[in-house]
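K.L.:
So you can see what is in the structure, the chains are spelled out below.
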Amino acid sequence: MTFDRNARAALADGQLRSALRQATTLFGERRREALATAPDWEGARNRARAIKDETLLHLDRYLEEFSANAERAGARVHWARDAAEACEVIGRIAEQRGARTVVKSKSMTSEEIHLNAALAARGIEPVETDLGEYIVQLAGEAPSHIVAPAIHKTRRQIGALFADKLGIEPSDDVAKLAAAARRALRRRFAEADLGVSGVNFAVAETGTILILENEGNARLTTSLPRTHIALMGIEKVIPRFADLEVFLQLLPRSGTGQVLTAYQSLLTGAKRRPEDEGPAELHIVLLDNGRSGMLAAPVTRQSLACIRCGACLNACPVYRQIGGHAYGSVYPGPIGAVLTPQLFGLGRSSELPYASSLCGACRDVCPVKIDIPALLLHLRAEVVATRAGKPRLLERLAFSAYAAVMARPRLFESVVRLARMLRVMLPLGAWTKWRDLRPLAPRSFREEWRTRLRHEVAR
Amino acid sequence: MIRTADARREILRAIRESLAESAAGGGAAREGPVEPRAAGPGSAVGSTGSADPGAKPRGSTGPAAGASKDVVSSFTERLAAVGAQCTVVRGEAAAAHALADILTDAAARRVVGSDAPLVQRLLSALGDGFVRERLEGLSRDGLFACDAGVTTAQWGIAETGTLVLESAREKNRLLSLVPPIHVALLSSTCLCDSLGDALARMSRASHAITLITGPSRTSDIELTLVVGVHGPQVVHVLLLEEEP
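These protein sequences, in sequence, are chains D and R. Each residue of the first sequence is one higher than the last, beginning at 1 in my numbering. Each residue of the second sequence is one higher than the last, beginning at 1 in my numbering.
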């Protein structure tokens with residue numbers, strides 16, 4: 001019952017809810033304004049989805065093509081079946097290079113594999129450099145939003161945190177807080193031997209990886225240290241360099257409501273000559289961690305089209321009330337509710353497919369048209385079929401009885417008549433606790449129909 | 001070492017098995033191999049079979065269409081919208097003057113320029129009152145102490161107000177990022193209409209291509225905009241029109 005408990009706690013937290021309300025509303029408004037500047041939004045969504053579908057149907061070949069082209073350009077490509085393997089690969093590279101600190105730019109995939117804990121266990125200090133991630137790391141918390149990790153915190157809380165951890169004057173001036181983080185992180189960048197980043201898109205045709213950001217910390221992470229490790233899920237690959245256009249139209253507008261984020265770094269291999277700028281080594285880690293299994297059916301396969309924009313979080317009436325931490329997963333919100341059970345198993349997240357009213361707002365805003373409600377229903381069916389959830393004997397009995405009655409018109413009518421006569425309302429417990437059950441009409445539609453039809457015929 | 005060869009083989013096998021299972025289950029059929037597309041300039045994004053009759057055809061992909069008034073004005077408008085400055089100059093002498101003015105106005109003393117000949121010429125024309133650092137041999141701390149970095153940009157994108165910097169052309173990665181002020185020299189003949197246009201023209205020989213749209217920014221605290229968080233607070237484009 002973790003989700004249920006977390007959600008209740010979140011609902012009782014007034015400060016959290018007001019921070020969430022402000023942030024998700026603002027995100028929604030900015031997104032709508034940015035959409036207005038797109039020449040053909042629906043067309044772009046369709047093209048992007050078609051590109052993703054094509055890629056996923058031939059993912060093996062596109063990965064091989066990407067890997068070959070990246071290595072030809074001087075990158076080393078590593079393959080990792082699961083989180084432990086990915087952490088092992090990255091940890092070993094860091095150890096072999098004698099790295100003591102690792103600067104990191106924002107990467108949800110690195111959160112997914114809990115890379116920071118794995119590095120710390122080897123005595124290597126990971127330093128998050130995205131402002132939001134840095135705040136969350138200083139606070140010893142986890143990100144609560146895919147795009148804005150510290151969305152759950154107010155400026156006052158962050159001011160107090162910086163005063164405590166960085167020794168600055170307490171302040172709730174956002175510019176001062178950002179400047180304090182810049183100063184503190186410049187020192188870390190100056191001494192870092194290794195940078196770890198995520199990847200937004202990987203181009204098979206050229207072996208290029210693309211990283212989007214606004215702050216410049218990803219550029220510092222990928223150009224100052226001698227070694228750069230880029231971690232990506234295997235679903236990040238797209239076929240052609242020219243395909244970047246449509247994704248660059250969709251992702252910033254959906255994510256932050258920008259026409260384009262401040263920076264895109266397109267990196268193809270390591271530097272060519274010693275006198276060039278940039279890292280001498282580029283390692284790319286391709287992570288499966290449950291993704292290949294999602295290819296087995298079209299309904300689950302579409303989860304891999306996700307470009308991690310976070311628009312579904314801002315649109316979701318559930319997320320807007322409870323925030324990201326309640327989901328108990330690195331991937332929160334509607335997309336998290338479908339990714340988490342598929343990546344980590346239904347066993348520990350059997351409640352998540354139910355953490356939705358199925359209103360469909362997530363599907364409407366999704367830039368790659370993932371049918372999240374359909375996925376939620378699919379996963380609910382799986383929870384029932386595998387009995388991953390808590391045993392619900394009464395519920396199962398009720399649904400079998402319901403099925404039996406609904407399939408037999410005569411039986412249905414007598415049940416309704418009986419219920420009306422006895423004026424009973426079924427005790428539906430949890431169902432009616434949050435929903436109104438309307439009283440039965442004095443006469444049913446079918447009865448009414450029959451009487452009127454008789455009159456018609458008599459006339 | 002991790003047997004990454006094993007991991008590779010197993011991941012690819014798992015992918016193939018899942019896709020075969022999907023195809024057997026009546027999922028989308030997996031037809032013959034996809035021809036590796038020659039995605040050269042002008043290959044449309046919509047070429048994946050997604051029906052999109054309304055797709056806009058790409059703009060011209062020949063040599064940059066050049067400095068039509070429209071492209072220049074939409075580029076400068078977009079620059080302003082994303083919080084970048086722009087000065088349009090005609091000829092190198094005017095550019096040198098403008099550069100000195102920009103640096104003086106921003107109270108920049110320590111200036112470091114890229115190895116591009118144009119940048120070197122403009123910097124050597126700067127009067128006294130500036131400390132000119134050389135990128136070669138500059139330590140990280142030395143670089144962090146610079147007030148302004150001067151580079152060229154290879155392309156500009158009118159639709160978005162974006163600068164495109166290619167690593168194959170000059171050492172521009174750190175100079176356009178670390179100092180609080182970045183001045184970028186761009187020829188107006190290198191303006192592209194759209195992002196798609198620019199993608200088609202970019203040099204694939206560069207191991208790093210950087211797209212820059214305005215100054216560094218963050219909204220991570222209460223979605224309040226702060227400019228100049230890890231990168232420059234000021235991005236100033238010196239747009240050079242050809243001398244008549």
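In short, the hints are calculated from the structure, not lab data. Think of the CB as a built atom: it goes at the ideal place given N, C-alpha and C, for glycine as much as any other residue. Be aware that a few hints might be false.
As the list claims (entries may be wrong) - Pairwise CB distance ranges (calculated): (1) R/Ala-100 / D/Glu-29: 38 to 48 Å; (2) D/Val-384 / R/Thr-224: 38 to 48 Å; (3) D/Arg-272 / R/Asp-105: 53 to 63 Å; (4) R/Ala-24 / D/Glu-447: 29 to 39 Å.
Stated by the list, open to error - Sample of chain R residues with no beta-carbon within 12 Å of chain D, all distances over it, derived: (5) Ala-5; (6) Glu-10; (7) Ile-102; (8) Arg-121; (9) Ser-124; (10) Ser-187; (11) Ser-219.
K.L.:
Indicate, hint by hint, whether the structure satisfies it.
P.N.:
Comparing the hints with the structure gives:
Separation of R/Ala-100 from D/Glu-29 is about 42 Å and conforms to the stated range, judged on CB atoms against 38 to 48 Å. Between D/Val-384 and R/Thr-224 the beta carbons are some 45 Å apart, a value that agrees with the proposed interval 38 to 48 Å. Under the hint 53 to 63 Å, the C-beta atoms of D/Arg-272 and R/Asp-105, about 38 Å apart, miss the expected range. For R/Ala-24 and D/Glu-447, the hinted distance range of 29 to 39 Å is not satisfied, since their beta carbons lie about 49 Å from each other.
At the 12 Å boundary, the C-beta of R/Ala-5 falls inside the reach of chain D, the nearest C-beta of that chain being 8 Å off. Its beta-carbon lying about 6 Å from the closest one in chain D, R/Glu-10 breaks the requirement of being farther than 12 Å from that chain. Listed as a non-interface residue, R/Ile-102 keeps its Cβ farther than 12 Å from every Cβ of chain D; the least gap is roughly 20 Å. The claim that R/Arg-121 lies off the interface holds: its Cβ sits roughly 21 Å from the closest Cβ of chain D, which is beyond the 12 Å cut-off.
For R/Ser-124, the shortest C-beta to C-beta distance to chain D comes to about 22 Å, beyond the 12 Å cut-off, and the non-interface label holds. With a cut of 12 Å on Cβ distances, R/Ser-187 stays outside the contact zone with chain D, its closest approach being about 21 Å. Its beta-carbon lying about 7 Å from the closest one in chain D, R/Ser-219 breaks the requirement of being farther than 12 Å from that chain.
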